[in-house]
Every structure is written in structure tokens, then in C-alpha cells.
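Taken in sequence, the protein lines are chains A and Z.
Just so you know, this note's numbering puts the end of the first sequence at 303, numbered straight through with nothing missing.
Just so you know, this note's numbering puts the end of the second sequence at 532, numbered straight through with nothing missing.
No lab work stands behind these hints, which were simulated from the structure alone.
Misleading hints may appear alongside valid ones.
Simulated crosslink set (DSBU-like; lysine-lysine; CA at most 30 Å straight-line) [as the list claims (entries may be wrong)]:
no. : chain 1 : residue 1 : chain 2 : residue 2
1   : Z       : 110       : A       : 231
2   : A       : 74        : Z       : 497
3   : A       : 58        : Z       : 361
4   : Z       : 504       : A       : 74
5   : Z       : 110       : A       : 58
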Amino acid sequence: MKGFFQELVRNRILFLMIAPALLFFIVFSYVPMVGVYYAFTRFSFDGGLFGGEFIGFKNFEFLFNSGVLWNLTKNTVLYNIAFIIISNILQLACAIFLSELPGKWFKKSTQSIMFLPFFVSFVLVGAFVFNLFSNSGVVNTMLTSMGLQTYDFYMHTAPWKYIIVFFHVWKGLGYGTVIYLAAIMSVSDEYHEAAKIDGANIFKRVRHITLPLLVPTFILLILLSLGGILKGQFDLFYQIIGNNGMLYNSTDIIDTYVYRSLAVNFDIGMGTAAGLYQSLFGFVLIILVNYIIRKVQKDYALF
Amino acid sequence: MKTKIKTVGTLLVSTAIMASMLAACGSNNNSNSSNEGANKGTEASANAGSNAADAKTPDTSKKVELNWYLVGDPAPDQQKVVAEWNKMLEQDLNATVKLNFTTWTDWQTKYNLLLASGEKIDMIFASSWADFYKFANQGAFMPLNDLLPTYAPQAWSNISEQDWKEATVNDKIYAVPATYPEYTPDGLVYRDDWRQELGLPEITNLDSIEAYLDGVKKSKNITPINGKAYNEVFTMFKSFEGYQQIGGDSGVIVSKSYDAPRDIVAYPFTPEFEEWAKKMKTWAQKGFWKSDTLSDQKEAGDAIKTGQGAVYWRNAPGAGGFITGMEKSNPDIKLGYFPFSRFQNLTMPTLSVNNAMAIPKSAPNAERSLMVLDKLRTDPKYYDLMSYGLEGTDYSMDADGKHIVTPPAGVAAKDFKGYGIASWGFRVESMERVKQAGGWSGFDALLEEFKSQSKPNIFAQVIMDYAPVKSQQAAVNSVIQQYGMPLMMGLVPDVDKAIATYRKQLEAAGVNDVLKYVQEQANKSFDAQGIK
């Protein structure tokens with residue numbers, strides 16, 4: 001304890017600098033955790049927020065009762081795995097291409113254009129998708145004018161997996177690229193110059209210098225995204241699929257299911273229960289993966 | 001480094017001083033105004049005391065600020081209107097009102113949160129369609145029985161006993177209902193000019209609806225219900241079969257008919273539903289709506305405006321508004337209306353609490369809030385201001401002195417924004433200055449028709465909060481969307497197989513528990529209402 005205080009006094013400026021961040025997380029991440037309590041109570045107006053009757057795991061029943069939880073969890077996890085892997089690999093590739101490109105102007109403008117979709121709201125994305133794939137949408141109009149059979153996208157589940165993954169990747173590409181690009185920029189030029197002198201061509205340099213040095217960033221980003229693996233992208237799915245029950249078999253994730261179940265009957269307890277399930281799953285997953293990484297390569301682990 | 005920290009430090013300190021100075025100014029102001037208020041208050045009460053020795057006159061000596069909430073969006077000049085209102089209120093009742101709006105975006109979530117979070121609210125819009133009965137039953141609102149005679153004497157004596165009864169839950173009155181009887185049966189607005197042009201039969205029943213849709217589809221080469229079509233089809237189904245939904249239930253549980261209210265079933269299990277789903281399959285194949293209708297976000301009414309659609313679901317007053325709006329914007333389009341109530345020749349008036357004002361449990365100044373409401377409901381000056389806005393900028397009086405004209409004299413229709421808020425909670429029919437249904441000429445005849453076949457609404461007051469079956473209800477809701485909606489719209493490849501799946505999924509989700517619960521609650525309510 002004494003050591004801690006000494007540390008506090010000695011590095012007071014540093015502690016002062018980290019204080020706002022700490023405060024932020026305490027206020028917005030740790031204090032709200034009290035709300036987990038709602039998952040086990042029945043809310044009543046008489047008792048106010050903390051006066052609800054304790055009812056154990058009853059709020060979780062709607063997730064388990066109908067037997068859909070397994071399918072939902074599977075969908076959510078698989079979608080997220082696809083998102084994480086495809087996004088990261090494409091972002092990495094784009095970052096490497098961009099970093100090797102000569103010509104500042106072209107590089108900058110490409111980067112900006114790639115970044116733009118990040119700012120487009122999901123409501124708009126939903127409108128794009130509908131106008132692309134509806135019966136009288138772009139795709140079907142094109143098919144007709146080429147003399148081909150039209151395809152009824154909203155009656156078949158098959159294409160939607162790809163459409164959703166595509167739009168997710170499209171939206172996040174620029175953002176992720178910038179992060180990787182920053183990591184690449186921090187690699188000292190000396191390595192590359194030395195390699196050039198030794199006669200390494202561009203592929204060799206990427207393979208033996210850039211990639212290995214990016215591995216920590218890559219692992220860090222994967223680890224961070226794993227925590228949210230059970231949190232589907234509600235906006236993405238809801239805006240693209242909407243109320244279309246025809247497509248739920250392959251596009252229903254936990255968030256959309258919870259929304260659909262509780263939108264009619266607002267229930268704090270059940271909503272919190274679903275959130276708790278997601279967070280707990282993410283927590284266990286991140287601990288597990290971090291443990292494995294630490295076993296394999298200690299330096300890359302998050303903690 | 002050190003000097004830098006020093007400058008930052010001085011900066012911080014000086015900002016802190018500035019802030020505290022400002023705060024001091026603020027509090028000074030506050031104390032000033034509260035002093036003023038108190039002075040005025042004592043004056044007022046002194047006056048009251050000298051004027052009349054009425055012991056019942058409520059004490060308004062303390063100046064209060066009331067926090068009110070309405071659903072929907074504020075008008076563009078809302079601030080001015082409220083400022084005007086507050087001037088009058090301060091003088092008459094020594095109170096001011098802070099009028100808040102939930103906006104229509106996600107209003108239900110916000111409304112729920114407002115009540116759940118226990119924010120100090122003195123009055124809030126309440127309605128059977130905003131779960132009034134559920135909230136009242138759970139204790140979100142304050143019982144008003146003891147307060148009403150003293151603090152809202154006019155409303156107390158003017159509102160009919162039946163209306164109060166409909167605002168009563170567990171023997172306590174929880175809201176002041178609006179006095180504005182309405183009939184809101186669902187129905188279809190359709191392009192009558194096309195019907196006449198194509199020589200299609202008058203719409204009187206399901207077959208003529210089908211004939212109309214078919215004729216329009218073939219000759220005009222458009223999708224008749226062009227947009228999201230679920231409401232059109234679902235309300236038609238309910239009304240055609242005579243099924244009555246109970247309480248606030250929006251799921252699959254219905255009473256099979258008005259005459260046998262206790263015959264309560266889950267409709268997907270009836271042969272009628274099977275037949276309907278098959279019919280809808282043929283309708284969908286004929287192209288009355290598009291196969292992507294469930295993902296479409298567009299209102300079918302918008303397509304009518306552009307000549308790309310023919311049919312739109314509206315309730316009767318809503319249809320009037322839509323038709324009069326179209327008369328102005330697209331005078332070349334002639335519209336007709338078919339209320340679904342004609343399927344069964346039955347209409348039920350809306351409940352009095354279809355629109356009402358309630359006081360949340362957390363209200364610090366319930367008494368004054370009721371006084372303001374009473375004033376608002378009875379004083380034309382107040383009523384006109386809050387319902388129609390500022391005279392001269394938002395409306396002007398008609399020559400008869402009873403109705404209003406918008407846009408007001410001297411304002412061009414093009415730049416006119418107008419004033420319109422969800423003032424429904426305190427509407428009083430005798431105070432109204434606009435006609436129902438936007439003044440649509442066909443409405444009076446319809447109203448006569450509705451009145452002639454009207455029966456009391458016995459279903460809406462069944463109180464359900466689903467507490468014992470909420471996990472089943474949640475699961476059922478989700479099944480309805482996943483399996484029920486595509487069936488209702490005839491979008492499934494094999495109807496029989498889809499119905500079998502739907503039923504199986506509903507049972508797995510626990511629909512029978514929900515059914516049993518609704519039956520119990522309904523029977524309890526029917527017993528209380530004295531219905532066999």
C-alpha cells in the first residue's frame with residue numbers, strides 16, 4: 001500500500017494525465033454495471049429502480065424457452081467471425097498497398113474515399129440495399145435489360161449472408177485501413193533500406209518486414225473485437241432485413257431477436273438479461289483467447 | 001514544463017472562479033424571481049381571501065414550475081406559444097409549465113423510460129395505445145379520485161361517468177380522459193376515378209375489393225398496394241372475420257366475434273386463417289403487392305400521390321385527412337373510402353382513454369397540474385392557444401367566430417408552416433374549432449353510419465400486463481414476425497406446410513399459456529362489465 005502511495009506521489013503528473021480516461025470509464029462503464037441487477041428483478045413503479053422483486057433467472061427464460069437461442073448464438077458468432085476475419089485481412093491488405101504506393105495525392109484521395117462509407121448511417125445503407133435488390137431495384141432492372149430472369153432477393157435467404165458481410169466490410173474498410181497504416185508508418189525506414197541494399201524485392205520486404213511487425217496490432221485488434229462477438233451489429237441487420245420474417249432463418253441474430261420480442265412489451269428486466277448473456281459470453285471468450293495467446297506468444301497477449 | 005503547468009493551473013483556477021461567479025449570478029436571479037413569485041403569490045392569495053370566503057379554493061400561493069410531457073413533435077413556434085401560455089398561467093394560477101415532447105422517433109421507448117426512470121413529471125399524455133392500462137395497473141400513475149373534485153372541478157363534473165369508468169383501473173381513476181368521442185374503424189382509401197374509368201363494381205365486400213385490385217393491376221400496370229402492405233391485409237383479415245383483439249394485445253389472440261366475446265382463440269389455429277392465407281397467396285401471386293413488401297419502408301399512400309399505387313390503409317378520420325390533403329395537392333385524383341366495419345356492420349367508439357392526460361407517481365405538483373389542465377379544458381383562450389397556436393400567425397378566426405381558418409388571412413399558403421401538436425390528451429369536443437377528419441365532406445355520412453351500428457367497446461378495457469407469461473409472450477411475438485407475417489402476405493411457397501410450421505413454432509413458444517392468460521383476464525373483465 002505504501003509503495004502505491006509513493007508511486008502516486010512520484011508520478012503524480014502521469015496519474016493526473018490518465019485521470020480523465022479513468023474517470024470516463026468509471027462513469028460510463030463501471031457505474032452502469034450496477035444495472036446488471038435488473039436482469040434478476042421484476043421492475044415495478046412502486047419500488048423505483050432498485051425496489052423490484054428479486055425473481056432469479058426468470059428474465060432469461062424467454063431466451064431459452066423457445067429453443068431458438070442456439071440458432072441465434074450460432075448466427076451471431078458466425079457472422080462476427082466472418083466480419084472480423086474478412087475485415088481485418090482486407091484492411092491489412094489495403095494498408096500495405098497504400099503504404100507502398102508512390103504519389104502522395106493519389107494515396108490521400110484513395111484513403112479518403114475508402115473512409116467515406118464509415119460515415120454513412122445504417123438507415124441509408126438500408127435504403128441502398130433495398131433499392132439495389134428489390135423487385136424493381138438496380139440489380140433486377142439490369143437482369144431484365146440483359147434479357148435474364150429476375151431474381152427475387154427478398155424471398156430467398158441464400159444471398160443475404162453475403163450481402164450483409166459485404167456491406168459490413170465495405171463500411172469498416174477505410175477505418176481499419178487507417179489503423180494498420182499507422183502501424184506500418186511506425187516501422188522504421190532503416191529496415192527497408194537495409195533490406196533493399198541486401199537485394200530484397202518489394203514482396204520479400206512485405207513478407208519479411210511489414211507483416212511480422214504488424215502481427216501485434218493484428219492480434220490486438222482481433223482480441224478487442226472478440227469481446228463483442230455476441231453483440232451483433234443491430235443497426236446493420238435491422239436496417240437491411242427489417243421486419244422481413246422470410247429471411248430470419250439465416251439473418252436473425254440475438255439483437256434482432258431481442259428487439260422483436262420486447263419491442264411490443266417493453267421490459268427492463270428481460271432486456272438486461274439478454275444484454276448480460278451477451279456480455280458474459282464475450283467476457284469468457286476474451287479471457288479464453290487471451291489465455292491461449294499468452295501460452296503461445298506471451299508478448300502479444302492483452303494482459 | 002513547469003511554467004506550462006503553472007499557466008494551465010492559473011487558467012483552471014480562473015475558469016473555476018468565472019464559473020462560480022456565473023453560478024452566483026444565476027442563483028441571485030433565481031432568488032430574485034422566487035421572491036417576486038412569492039410576493040405575487042401572497043398578493044394573489046390575499047386577493048382570493050378577500051374576494052370570496054370559499055374554503056375550497058385551492059392554495060396557489062407557492063409559485064411552481066410544472067413539467068409536462070406530450071408525445072410527438074413540437075410545432076415550429078412552440079416556444080412562443082408556450083411563453084404566451086406561461087404568461088397567462090402565471091397570472092391565473094401562479095404556475096409555469098415546461099412543455100416537453102418525446103418526438104415521434106422512438107417515442108414508445110422514450111415514453112416507457114420517462115415513466116420507468118422516475119423523472120419528476122407533473123403531467124404526461126396517456127393512452128390506451130400507449131399502454132395506459134398496463135402502466136396504471138403497475139402503479140406508474142397517481143390515483144386521482146381524491147384530487148379531482150377539488151383541483152379539477154369542471155372536468156370532474158363535465159366528463160361523463162362512462163368516460164371516467166374507462167379511465168378506472170382497480171377502482172381508482174388514473175387519468176383525465178379527453179372528451180372527444182371518435183370512431184376509428186380501419187378501412188381502405190382507394191382511387192375511385194380509376195374504378196369508374198375501368199367500370200369496376202362498387203366496393204362493398206371482399207370480392208369487389210379483389211375485383212378492384214385485379215382490374216387496377218391489369219389495366220393500369222401498377223402495384224395496387226405499393227409499399228408496405230401488412231397493415232392493409234391484417235386489418236382487413238381481422239375485420240372480415242369479425243375477430244376482436246383484446247386489451248392492448250397486438251398478437252394472435254382474438255375473440256372470435258363481438259356476440260361471443262368469451263370465445264377466445266389464437267387465430268392461426270382456426271380454419272378461417274387457413275382459408276385466408278390461401279386467398280392471400282393467390283392475391284400475392286396476382287401482384288396486388290410486391291414480394292418485397294415486408295422489407296419496404298414506404299407508405300402505400302405515397303405511391304398514390306405519384307400515380308404508382310391505388311390503395312392505402314387508413315382509419316376513418318385518418319382517411320378523411322388523407323383525402324382532403326390529396327384534394328389540395330393532387331386535385332385530379334379522386335379517392336374513395338371503404339371502412340372495414342361494413343364487413344360485419346359493427347363499429348365501436350374509441351375508449352375515452354384513447355387520449356388522456358395522466359399524472360405520474362413522481363409528480364411533485366399534481367394539484368397545480370390538475371388545475372392547469374382544468375383551465376386548459378374549459379377556457380377558450382387557453383384551449384385555442386395550445387390547440388391551434390397563435391392567432392394571426394398560425395390561424396385566424398372564421399367569420400362565424402366558431403371555426404378557424406388556416407393559413408391565416410394575409411399569409412401565403414406556400415410559406416405557411418402552421419401549428420399542430422399532439423394536443424389530443426386535453427381535447428374537448430365542444431371547444432374544438434376544426435372539424436373531424438380534416439373537414440372531409442364524406443365524413444358526416446360515415447359518422448351517421450358508424451353511430452347507427454355502434455356497440456360499446458367491451459374489449460379495450462381488459463387489463464393485461466402479461467406479467468405471469470411475459471417470456472412466452474416475447475417468444476410468441478418473435479414467432480409472429482418470423483412465420484406469421486409472411487403467411488399473412490401470401491409470400492410462402494407452400495401454405496399448408498407454412499401453417500403447420502407456424503403452429504408448431506407458436507406452440508413451442510408458449511402460445512397456449514398466453515391464450516390461457518388472456519382468457520382469464522378477459523373473463524374477469526367481462527364479469528365486471530356484466531357481459532355474458
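So, going through the hints one by one against the coordinates:
1. Taken as a hint, the residue 110 of chain Z and residue 231 of chain A pair is honoured in the structure, with Cα atoms around 23 Å apart against an allowance of 30 Å.
2. The suggested pairing of residue 74 of chain A with residue 497 of chain Z holds, with an alpha-carbon distance near 26 Å, which does not exceed 30 Å.
3. Distance check on the hinted pair: residue 58 of chain A and residue 361 of chain Z sit about 27 Å apart at the alpha-carbon level, within 30 Å; holds.
4. Taking the CA atoms of residue 504 of chain Z and residue 74 of chain A, the gap is near 22 Å; set against the 30 Å cutoff, the hint holds.
5. Of the pairs offered as hints, the one joining residue 110 of chain Z and residue 58 of chain A holds, with about 25 Å between alpha carbons and a cut-off of 30 Å not exceeded.
In this structure, every one of the numbered hints holds.
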